[in-house]
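So the protein lines, in turn, are chains A and B.
All residue numbers for the first sequence refer to full-length UniProt numbering, where the first residue is 1 and numbers rise by one.
All residue numbers for the second sequence refer to full-length UniProt numbering, where the first residue is 1 and numbers rise by one.
Hints listed in this document are in silico derivations from the structure and should not be mistaken for laboratory results.
In this text the structure is predicted, and so the values were computed from the model without any measurement.
A couple of the hints might just be wrong.
[What the hints assert, rightly or not] Examples of chain A residues toward chain B, derived with CB under 7 Å:
hint: 1; residue: ASN235
hint: 2; residue: PHE242
hint: 3; residue: VAL394
[Claimed, not checked] Take a look, some chain B residues computed to stay more than 10 Å from chain A by CB distance:
hint: 4; residue: SER54
hint: 5; residue: THR64
hint: 6; residue: LEU67
hint: 7; residue: VAL103
Positions of the beta carbon are idealized from the N, C-alpha and C atoms, including for glycine.
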Amino acid sequence: MMGEGNYDDSPIPSSNTFIQNLNWTGSIPVVLSLATTSLSSPSSPRPIHKMISRVTYLHVALHEEVMHMSRYAPAAAGLSTAFAVRSVEEPPDSPAERDGGVEGGGNCEVSDSAAEQEESACTMQSKGFKSSHDYFDCWFEDEASGIPLRWQLFVGVLYDLMKGKAVLNSSSGRGGTHDQHILPWRIRLHFTSYPYDRLLPLDDGSPPSKVENTNDDIEGSHRRITALVGRLFRNSLKQALFMQYGSSKVAMQITKFSHEKIWDSVMTSNYAAYHEVNADLQSGISSSPISSRSTDQDDQIDQLQLIPIRLMLNDRPAIQNPVMHRKDSTDIKRRPRDLAGDLAENVSSCRTPPYTTFGDFLSNICPNHFVMDPATGQVTSVPGSCHYYCIQGVQPSMKSPLVDLWRALSHPDHFLYIIVVTE
Amino acid sequence: MSQPSCATKNDRDESIASAEDGKIYQALNDGKDAPEEPTQGKAKLEKIKVHLVSVGSAPILKKTKFLMNADDRFAVAIAFLRKMLRLSSGSSSVAANSLFLYVNAAFVPSPEERIGDLFDCFGTRGELVVHYSLQEAWG
Numbered sequence: 001m002m003g004e005g006n007y008d009d010s011p012i013p014s015s016n017t018f019i020q021n022l023n024w025t026g027s028i029p030v031v032l033s034l035a036t037t038s039l040s041s042p043s044s045p046r047p048i049h050k051m052i053s054r055v056t057y058l059h060v061a062l063h064e065e066v067m068h069m070s071r072y073a074p075a076a077a078g079l080s081t082a083f084a085v086r087s088v089e090e091p092p093d094s095p096a097e098r099d100g101g102v103e104g105g106g107n108c109e110v111s112d113s114a115a116e117q118e119e120s121a122c123t124m125q126s127k128g129f130k131s132s133h134d135y136f137d138c139w140f141e142d143e144a145s146g147i148p149l150r151w152q153l154f155v156g157v158l159y160d161l162m163k164g165k166a167v168l169n170s171s172s173g174r175g176g177t178h179d180q181h182i183l184p185w186r187i188r189l190h191f192t193s194y195p196y197d198r199l200l201p202l203d204d205g206s207p208p209s210k211v212e213n214t215n216d217d218i219e220g221s222h223r224r225i226t227a228l229v230g231r232l233f234r235n236s237l238k239q240a241l242f243m244q245y246g247s248s249k250v251a252m253q254i255t256k257f258s259h260e261k262i263w264d265s266v267m268t269s270n271y272a273a274y275h276e277v278n279a280d281l282q283s284g285i286s287s288s289p290i291s292s293r294s295t296d297q298d299d300q301i302d303q304l305q306l307i308p309i310r311l312m313l314n315d316r317p318a319i320q321n322p323v324m325h326r327k328d329s330t331d332i333k334r335r336p337r338d339l340a341g342d343l344a345e346n347v348s349s350c351r352t353p354p355y356t357t358f359g360d361f362l363s364n365i366c367p368n369h370f371v372m373d374p375a376t377g378q379v380t381s382v383p384g385s386c387h388y389y390c391i392q393g394v395q396p397s398m399k400s401p402l403v404d405l406w407r408a409l410s411h412p413d414h415f416l417y418i419i420v421v422t423e
Numbered sequence: 001m002s003q004p005s006c007a008t009k010n011d012r013d014e015s016i017a018s019a020e021d022g023k024i025y026q027a028l029n030d031g032k033d034a035p036e037e038p039t040q041g042k043a044k045l046e047k048i049k050v051h052l053v054s055v056g057s058a059p060i061l062k063k064t065k066f067l068m069n070a071d072d073r074f075a076v077a078i079a080f081l082r083k084m085l086r087l088s089s090g091s092s093s094v095a096a097n098s099l100f101l102y103v104n105a106a107f108v109p110s111p112e113e114r115i116g117d118l119f120d121c122f123g124t125r126g127e128l129v130v131h132y133s134l135q136e137a138w139g
């Protein structure tokens, strides 16, 4: 068993609440511009700079900006029938937008008058036209790589993926922070040609009557999309809770009111409100990290069935493998197949701790890039492999227990998103 | 700027999905992994037993247990069930009949989740239980 002295990482604050609070305040400077293909007015809107939170979603965070830019977009984007009344709004005479701010400082938001509401109301008469829902569905694209940004992922996760690619592509090689070249993050907004082959559609089959006040205008579209993203978040949370507790009991006990409160807190990046509701769901959140314990204290942590982890590998959808907290656990209901075998081998070598570490996870899931030295239990990169990894923008030590990382760095849906970008 | 290798798999699947397949990632249709596959290799032909259970007024199927590829995405299961129940998929949510699929009567997985992953995390007694209904049952 490794002694405490081997954990020579600088001591982390014992309060996970403190760290989570930091997570929620993390933001990324973004420059949003309208794609030329979605422009249908004589003048193009100037790009907008904004700081958006890491723990929110693009459609939620950039709502106002999308509203503003939709006035420059084709009025009947996505429709191709003769029924649609085409009208193109005039750009405002004296634009109220302010363009400014440089990276790291810019916090300029556009504040328009309420006149835009009545402008969008007279755009089309599409009663009975079935696909009017898709009317104002917008999507975002990373300017640097041209990759459509998946709306179902957190902003922080998306940014880390883009940053990983940029880091690998830059000539100075991997590692280190190259934020000054990557920030502000340039995003392009589209209203046309939704890439159905690369993004999930912005509807999930819910009947439109489920969302209140869904009108055929940009505001109604936003409400619908927000509701959709909210549903996805809620289901993600329920999945994570199921994995944590091994049954759907806790997940199903959450009241509708609590769900709404949690979603509201995510939309407004309000950690205090989130923590109020989440404390009930999260047993063991205030326990001290495993690495600083002297003995194997039997506490609520051991009730953790599986650690909810999603691995984001390049552009692939999330990989969700069952990961146990303790390697020698025999009381799990769902045994992960190969994972249990490999981990058991590591336990037998007395150099490795009895709980799953970050290095264990990486070396199991990406054996081409991370390898564990059986003699020392040390996990290192495979020589010659080119990759970038991070969690919430930081690169924790390979020796960190996964459960500590999860409690400190998980996203609001209780999942720990680990980003790995490879060449 | 060069594209990462995994992004090229979008190019491989050129075919347009038929209307019955619903709207899913084109690239996810083929369950093959990119050539430079860093993740731990699982048997590509691994099959998962999926047990479909109807809820409420949803039509009951004669055959309820199916084998699906572990590498398929959940969207494949959704499209498959739509076909079995003869629900139109349509081009928008208004035209399509709504269909909700729940895992373990608790949550709706994202269409892009891998069935194999879902089984590993949530499977019981060797099968993945999926409830389906025409209305939202469990929020």
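Status of the hints after comparison with the structure:
Because the beta carbon of A:ASN235 sits about 4 Å from the nearest beta carbon in chain B, less than 7 Å, this interface hint is met. For the restraint placing A:PHE242 at the interface with chain B, the shortest Cβ-Cβ distance is roughly 6 Å, inside the 7 Å limit, so the hint holds. The restraint placing A:VAL394 at the interface with chain B is violated, with a minimum CB-CB distance near 21 Å, outside the 7 Å limit. At the 10 Å boundary, the C-beta of B:SER54 stays outside the reach of chain A, the nearest C-beta of that chain being 17 Å off.
Consistency note on B:THR64: stated as away from chain A, and its beta-carbon is indeed over 10 Å from all of that chain's, at 21 Å minimum. Distance check for B:LEU67 against chain A: the nearest CB is about 17 Å away, which clears 10 Å, and the non-interface claim stands. Annotated as non-interface, B:VAL103 brings its C-beta within 10 Å of a C-beta of chain A; the closest such distance is 8 Å.
When the structure is compared with the earlier hints, violations turn up for hints 3, 7 and for no others.
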